[in-house]
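A.B. asks: Order-wise, the sequence lines are chains A and B. When the letters of the first sequence are read in order and numbered with this note's numbering, they come out as residues 114 to 340. When the letters of the second sequence are read in order and numbered with this note's numbering, they come out as residues 32 to 304.
Don't take every hint at face value.
[What the hints assert, rightly or not] Dumping the calculated SDA-like pairs for lysine to any residue here, alpha-carbon to alpha-carbon at most 25 Å:
#1 A:265 x B:276
#2 B:291 x A:199
#3 A:128 x B:292
#4 B:291 x A:169
#5 B:291 x A:291
#6 B:276 x A:119
#7 B:291 x A:332
#8 B:291 x A:236
Bear in mind the hints are in silico, worked out from the structure with no lab data behind them.
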Amino acid sequence: MNQSHIVTSFDEDLKTVSGKLLEMAGYAEDLVHKAVRSLMTADMELARLVIDEDKLIDRKQSELDEMAVLLIARRQPMANDLREVVGALRMANDIERIGDMGKSIARRVIEIGDLGDLRTRIRGLEQLTSLALEQLKEVLDAYAARDLTRAKLVWERDEEIDALYTSLFRELLTYMMEDPSNITPCTHLLFCAKNIERVGDHATNIAEIVEFIQTGKIEFEKESHAL
Amino acid sequence: MDMNVMSEELKNDIAKAEAGAHPAKMSGRGVNVFYGEKQAIFNVDLDIIKNEVTALIGPSGCGKSTFLRCLNRMNDTIDICRVTGDLLLDGKNIYDKDIDVVELRARVGMVFQKPNPFPKSIFENIAYGPRIHGLARNKSDIEEIVVTSLQKAGLFNEVKDRLEEPGTGLSGGQQQRLCIARAIAVSPEVILMDEPCSALDPIATAIVEELIDELRENYTIAIVTHSMQQAARVSQRTAMFHLGKLIEVGETDQMFTNPKHELTQDYITGRYG
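Only chain A is shown next, with the shape it has when bound in the complex (with noise of 0.2 Å):
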């Protein structure tokens, strides 16, 4: 996109449907963060604030769509621009995701309450957590600035938190072994993990999305995520 569309607004346009999106992935970002947060520090009112703003989310998400639909029909995008819009769509729905993962966290929280000792033994997710925002902060950027190399390295690098989480799973199949009375939370924390490996799928999704803008093809190597 070197050029300025003749019509000025049809760039307005766009750019309005992408910031839109960038607000919202805030949003999500900043969900899951507090979620996390919510679990380590066993704080109920966190956790509930969490299970709102995830309502914000999904208000934002079909404002986006709205705006997407009207510039279709109003401006009939071809070529790169018909990307943008159908890619902004599809990001919108990873991003609304992503929210839904910090709920569910924060959902969790409630129902577990107290971790206890388990609290101190489970860095692992704190670090499992940084690592996928990190992901999704990378991925965002590279859509900010359309920067296919930075979206590919965060492809990249989901195999990293794929690792991370397989060991935590380990880690708190031990736990449960060592204690019974883990069980319950250590479960718990498991779904836990697996929404924030979750996000990271996400970034990935966004990276390829990004890359369809870019270049109109998804070649990214294709691979399952599923664990």
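Chain B: place on chain A using the hints.
C.D. replies: Just chain B now, with coordinates in the frame of chain A:
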């Protein structure tokens, strides 16, 4: 899962086979067109595939209409116009000396931007061509041609009770379909359309577009259009012209979602300035 992969591959293969089954009906090879000293078309190689709609797009003055007019030698009527290179219809050069231009224009018909019915009855508008080309032996032959042409152009039901009324009394969209019927009446193989819908309202446009889609079963069509959406809707292949040069040609679906050339991208997205 495997089944899906298979069927996708199969689909691609079928698409390829089908594309192979449609050879070029008309081809331009190294086509140059000059208006006096000024060169309007530069070394264009372009195939018009049989039973497909090929859309020619590009900004005003890019040479798309000039190229279209080469395909049935309409440019002959302009004294200062000179065409070099080869323009082939079924492999035969239409600029050869032994080509009868009148016969050529019956084989390669044309529909213009503004509907231009003759100032005669609806019936006579259609009957005129077949009569001068000797396509009918008697009155009932002519009547049959008029009816089938109007049917093919999707106009018959609207005008069947007033065939003796003047063609100019029809609505714009009906007049354009009358012109298409007139082109069909002489059994052409190729129909050239130069912005056939630019003077029509959206409903009449939709009817003509629907008609174009039906016509490609039996005819080969080349259409010049300024409407990107129209090109995307009606054509299977799109050729992009710019400053007299052919910039890019390819499958329409690909051209409007992921064009290869930056100029095409800038033009179809409304950035060309």
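A.B. asks: Hinted pair, alpha-carbon criterion (25 Å max): residue 291 of chain B, residue 236 of chain A. Please report holds or violated.
C.D. replies: 49 Å, violated
A.B. asks: Is it true that the CA of residue 291 of chain B sits at most 25 Å from the CA of residue 291 of chain A?
C.D. replies: Violated: residue 291 of chain B and residue 291 of chain A sit about 61 Å apart, past 25 Å.
A.B. asks: Is the straight-line distance between the alpha-carbon of residue 265 of chain A and that of residue 276 of chain B 25 Å or less?
C.D. replies: Violated, at roughly 37 Å.
A.B. asks: Are the Cα atoms of residue 128 of chain A and residue 292 of chain B separated by 25 Å or less?
C.D. replies: 24 Å, holds
A.B. asks: Do the alpha carbons of residue 276 of chain B and residue 119 of chain A lie within 25 Å of each other, as the hint requires?
C.D. replies: 23 Å, holds
A.B. asks: Taking 25 Å as the top limit, are the C-alpha atoms of residue 291 of chain B and residue 199 of chain A close enough?
C.D. replies: 19 Å, holds
A.B. asks: Sort out whether residue 332 of chain A lies within 25 Å of residue 291 of chain B, counting only the CA atoms.
C.D. replies: Distance of about 17 Å is within 25 Å: holds.
A.B. asks: Residue 291 of chain B and residue 169 of chain A were given as a pair; does the straight-line alpha-carbon distance stay at or below 25 Å?
C.D. replies: At roughly 40 Å apart (the allowed maximum being 25 Å), residue 169 of chain A and residue 291 of chain B break the hint.
Violated hints, in rising order: 1, 4, 5, 8; the structure is consistent with all others.
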